[in-house]
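Asker: Those protein sequence lines, which keep their order, are chains A and B.
Okay, so the first sequence: first residue is 11 according to this note's numbering, each after it adds one.
Okay, so the second sequence: first residue is 18 according to this note's numbering, each after it adds one.
Treat the hints as calculated values from the structure; they're not laboratory data.
Incorrect hints may appear among the rest.
What the hints assert, rightly or not - Using 20 Å as the maximum straight-line C-alpha spacing, the simulated SDA-like pairs for lysine to any residue come out as follows:
hint	chain 1	residue 1	chain 2	residue 2
1	B	K683	A	L84
2	B	K683	A	R169
3	B	K683	A	L164
The structure presented is a predicted model; accordingly, all values stated were derived computationally and were not measured.
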Amino acid sequence: MRWRAILLAALLLQSEAPAFADGGTLRLTRAAGPFVIALFTAPEPLRVGSAEVSVLVLERGAAAAVLLDATVELRVRAPDGTTRMLAPSHAAASNRLLQAALLELPAPGTWQLTIAVRHQSDSATVSCELPVGSAPPPFLAQWPPLALPPLCILLFVWRERLLRHRVRRSRAAHGSFG
Amino acid sequence: MSGVARALLSSWSFPPGLAGGLVAAAIVYTRGWRRLRWPAWRLYAFVAGLGALTLAVASPIDALARFLLSAHMVQHLLLLAIAPPLLLLGAPARASLRGLPPSLARELLGPFLASPALARIARALRRPFVGLVVLSASTWAWHVPRSYELALRSPAWHRLEHASFFGAALLFWWPVMSARKPRWAILPCLLLADLQNSALAALLVFSDRVLYASYLTVPRLFDMAALDDQIAAGVIMWVPGSLVFLAPAIVLCVRWLSPPAAARARPSAASTAIMPPKQFDLLRAPMVGWLLRARHGRRLLQTASLAVAILVIVDGLHGPRAAPMNLAGIVPWIWWRALTVVALLTTGNFFCMACPFTLPRELGRRFGQATRTWPRALRGKWLAVGLLAAFFVAQEWFGWWDSPRATAMLVIAYFLAAFAIDSLVRGASFCKYVCPVGQLQFVGSLLSPLEVKVRLPVVCADCDTKDCLRGNAGQRGCELDLYLPRKVGNLDCTFCLDCVKACPHDNIGLVAVAPGRLLMRDHGVASLGRLSQRLDVALLALVVVIAAFGTAAIMVRSTQPARLVLVGLLIASALLAAGRKALGRALFCRLALALVPLGMGMWAAHLAFHLATGWRSLWPVVQRLLRFGDPQWSLACAGVAPDRLVSVELLLLDGGLLASLYVGWKIARTPPRYLPFAAFAAALWVVGVWTLLSPMQMRGMST
Numbered sequence: 011m012r013w014r015a016i017l018l019a020a021l022l023l024q025s026e027a028p029a030f031a032d033g034g035t036l037r038l039t040r041a042a043g044p045f046v047i048a049l050f051t052a053p054e055p056l057r058v059g060s061a062e063v064s065v066l067v068l069e070r071g072a073a074a075a076v077l078l079d080a081t082v083e084l085r086v087r088a089p090d091g092t093t094r095m096l097a098p099s100h101a102a103a104s105n106r107l108l109q110a111a112l113l114e115l116p117a118p119g120t121w122q123l124t125i126a127v128r129h130q131s132d133s134a135t136v137s138c139e140l141p142v143g144s145a146p147p148p149f150l151a152q153w154p155p156l157a158l159p160p161l162c163i164l165l166f167v168w169r170e171r172l173l174r175h176r177v178r179r180s181r182a183a184h185g186s187f188g
Numbered sequence: 018m019s020g021v022a023r024a025l026l027s028s029w030s031f032p033p034g035l036a037g038g039l040v041a042a043a044i045v046y047t048r049g050w051r052r053l054r055w056p057a058w059r060l061y062a063f064v065a066g067l068g069a070l071t072l073a074v075a076s077p078i079d080a081l082a083r084f085l086l087s088a089h090m091v092q093h094l095l096l097l098a099i100a101p102p103l104l105l106l107g108a109p110a111r112a113s114l115r116g117l118p119p120s121l122a123r124e125l126l127g128p129f130l131a132s133p134a135l136a137r138i139a140r141a142l143r144r145p146f147v148g149l150v151v152l153s154a155s156t157w158a159w160h161v162p163r164s165y166e167l168a169l170r171s172p173a174w175h176r177l178e179h180a181s182f183f184g185a186a187l188l189f190w191w192p193v194m195s196a197r198k199p200r201w202a203i204l205p206c207l208l209l210a211d212l213q214n215s216a217l218a219a220l221l222v223f224s225d226r227v228l229y230a231s232y233l234t235v236p237r238l239f240d241m242a243a244l245d246d247q248i249a250a251g252v253i254m255w256v257p258g259s260l261v262f263l264a265p266a267i268v269l270c271v272r273w274l275s276p277p278a279a280a281r282a283r284p285s286a287a288s289t290a291i292m293p294p295k296q297f298d299l300l301r302a303p304m305v306g307w308l309l310r311a312r313h314g315r316r317l318l319q320t321a322s323l324a325v326a327i328l329v330i331v332d333g334l335h336g337p338r339a340a341p342m343n344l345a346g347i348v349p350w351i352w353w354r355a356l357t358v359v360a361l362l363t364t365g366n367f368f369c370m371a372c373p374f375t376l377p378r379e380l381g382r383r384f385g386q387a388t389r390t391w392p393r394a395l396r397g398k399w400l401a402v403g404l405l406a407a408f409f410v411a412q413e414w415f416g417w418w419d420s421p422r423a424t425a426m427l428v429i430a431y432f433l434a435a436f437a438i439d440s441l442v443r444g445a446s447f448c449k450y451v452c453p454v455g456q457l458q459f460v461g462s463l464l465s466p467l468e469v470k471v472r473l474p475v476v477c478a479d480c481d482t483k484d485c486l487r488g489n490a491g492q493r494g495c496e497l498d499l500y501l502p503r504k505v506g507n508l509d510c511t512f513c514l515d516c517v518k519a520c521p522h523d524n525i526g527l528v529a530v531a532p533g534r535l536l537m538r539d540h541g542v543a544s545l546g547r548l549s550q551r552l553d554v555a556l557l558a559l560v561v562v563i564a565a566f567g568t569a570a571i572m573v574r575s576t577q578p579a580r581l582v583l584v585g586l587l588i589a590s591a592l593l594a595a596g597r598k599a600l601g602r603a604l605f606c607r608l609a610l611a612l613v614p615l616g617m618g619m620w621a622a623h624l625a626f627h628l629a630t631g632w633r634s635l636w637p638v639v640q641r642l643l644r645f646g647d648p649q650w651s652l653a654c655a656g657v658a659p660d661r662l663v664s665v666e667l668l669l670l671d672g673g674l675l676a677s678l679y680v681g682w683k684i685a686r687t688p689p690r691y692l693p694f695a696a697f698a699a700a701l702w703v704v705g706v707w708t709l710l711s712p713m714q715m716r717g718m719s720t
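Use the sequences and the hints to build the structure in full.
Answerer: Structural data, given as structure tokens:
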């Protein structure tokens, strides 16, 4: 019983971890001003729904040190022209070298993303396009939990057949002795 | 420590599936290890293996693997050559089988483990050369640049890559760790594994170009060029990678070439005897057990819930009319409903234990003239069926969830009804025959893992005072007429623990049982008789199940399909009535109860949604009531549902369906009797899936 409690606690105490553990697909790596800015997105391909956007800021030059204290702002422009600002953070990223934010993509199309980086007295901006596809049908997006009952049923049917064979073998064995 | 190092060291991520799986594996293994009384080193090896697995996929190594091939190689080394042998040293198969509940292991796994065909396949797979071929094929296939790049681009393929490495490694290391025959084959397999590993490593080390283009485009960390990184990866694969194959080869050589050691004394049968599993008893748990057994322990819980109920009434009558801003809109409909279902499925009927309506009942008994007995004609669950169905219909029809005032009036009506009935009628008639909420609790508690139960039946056999039922000078007995030696399951049990306090032999506990065990056998249940003969109990269960789907379906935003679904549910109810005629009373009643897991799965999924999207709304209401701080009413708006919420909801529904199908099969046993039931359960599941995947109205929340 206490094991159930431990298991439940372990599941409930899951932090608000980002959905995608490794930052996702590298979208661009660009030198801009004194920085090298890398953008990662997940999932791949991007679809209507939630997406994680992660930014890595490095110092441009041989050392290429990671600038953890750089301030990053994201400006997202939807296909219909509406814009939103996002403030990614290290806390939201599973890889704390990156700064991540959750981006809601309510419509398909080509979205524009502008990344503005500031560090001490330096600043730079890069832009890119994010192609967003239509959302998959909900039952496709949730196929793992939907596939579970048929899979378990198949395994159970198999189990019943094995049980029947075992009973028949046992009867045959007893019959041969009898 | 530099900022970068600190950031890296804090880059841990635990996907819920992984975390849950690791914890479950550790729990099951540890239980089995304890029962088998194995030496400690086995446990340490297994836990170290789990630790290595965690390091591979959840630690900062995983975060770095995106940028550095050398970090990725460390990850693969952990998956291929560190975690599997450590896990296998713990002999996990036998321990895990012992660690599972015996009935589960026997019922679900037994036929597979006893199958000669599967045993032949397992024997073939455990041959050393088979493991070598699979390991080599997996390693080389995934290191082909195209495959490697695919895994880097796609999380799903990446997980598949890791899973195949881990699975192949388990196959390879199993004969090595268990020194399976033919033993002579193990040594050449280890050497050949090292050879193929070294060949691949040499390719990485001596190549003059970067093999995996992704590492050319990704930002370079730590001032390490891509080619240097590849060489480092090759060295990691070569040197430590070779050691993990050569070290056991050397150990095995030394062991085989050494003179045989004197035979160790075999452990005595007593010391190898498997420990019988101890029955968990919550009443013997520290602190919690003390509180529950204490004379006023239950009173304390009831007082706390009474205080909350009074606050709900006061705020419902005098507070804001908007449900998201009112305690009466949030506590009963978002928090209380969800927490009672969680309690029912994880522990037991703690709502009835802490029921606030017990206190007006006590007042009624004290000041009333409770000399009458409950009318014989109403001594069944028919009244409860009608009241519960009416409750669910009225809740939706009148929109109680959206009206704090109506909710407050409902709670007041409940208090008055409890007071009135118990002031006129003896026994716990309100609980047993009337209370709609209680009936829902009783049905849900059929799945509870805790049961008020006799500890040692032999003690009750010698007891002729029957204090648990009749009471004694210091304590009343069970008001619901449940005689403990004959009590099976939680139906009609309010967890009042009067029987526990009355028992002079301290022979009643709150004991862990297999959830749903009452559903599979046609027991005679104390005070209810055989459930196969109780059509009223069966209909009560059906009301709970159908209401689970109906109340959720009605929330779907596009109401036209929701109406169709409701009509469908009504048609289903009519079909059930026809089914009752066709199947016969006994089978119909038992199969109706078999649907309870599915219904409770749907309740859990539905109420989890409300709790996950509305839990934050309590805080500003508390701030308003206590007049401190500046309530942020934006929290009363429906929160964004967590990404994984729909998956969790579907898994809860799936669990309910599978449990219902299993119980139904155990009851029906033949396809002609089973298939109509299975079809009905599957149809309900489809309705549930459609409901959970549809956009919901955010009831009780601002949108």
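Asker: Now look at each hint and say whether the structure bears it out.
Answerer: Going down the list of hints, with the structure as the test:
Distance restraint check for K683 of chain B and L84 of chain A: the Cα-Cα separation of roughly 58 Å exceeds the 20 Å cut-off, and the hinted pair is therefore not satisfied. For the hint linking K683 of chain B to R169 of chain A, the alpha-carbon distance of about 13 Å falls within 20 Å, and the restraint holds. Using a Cα cut-off of 20 Å, the hinted pair K683 of chain B and L164 of chain A holds, with the two alpha carbons roughly 16 Å apart.
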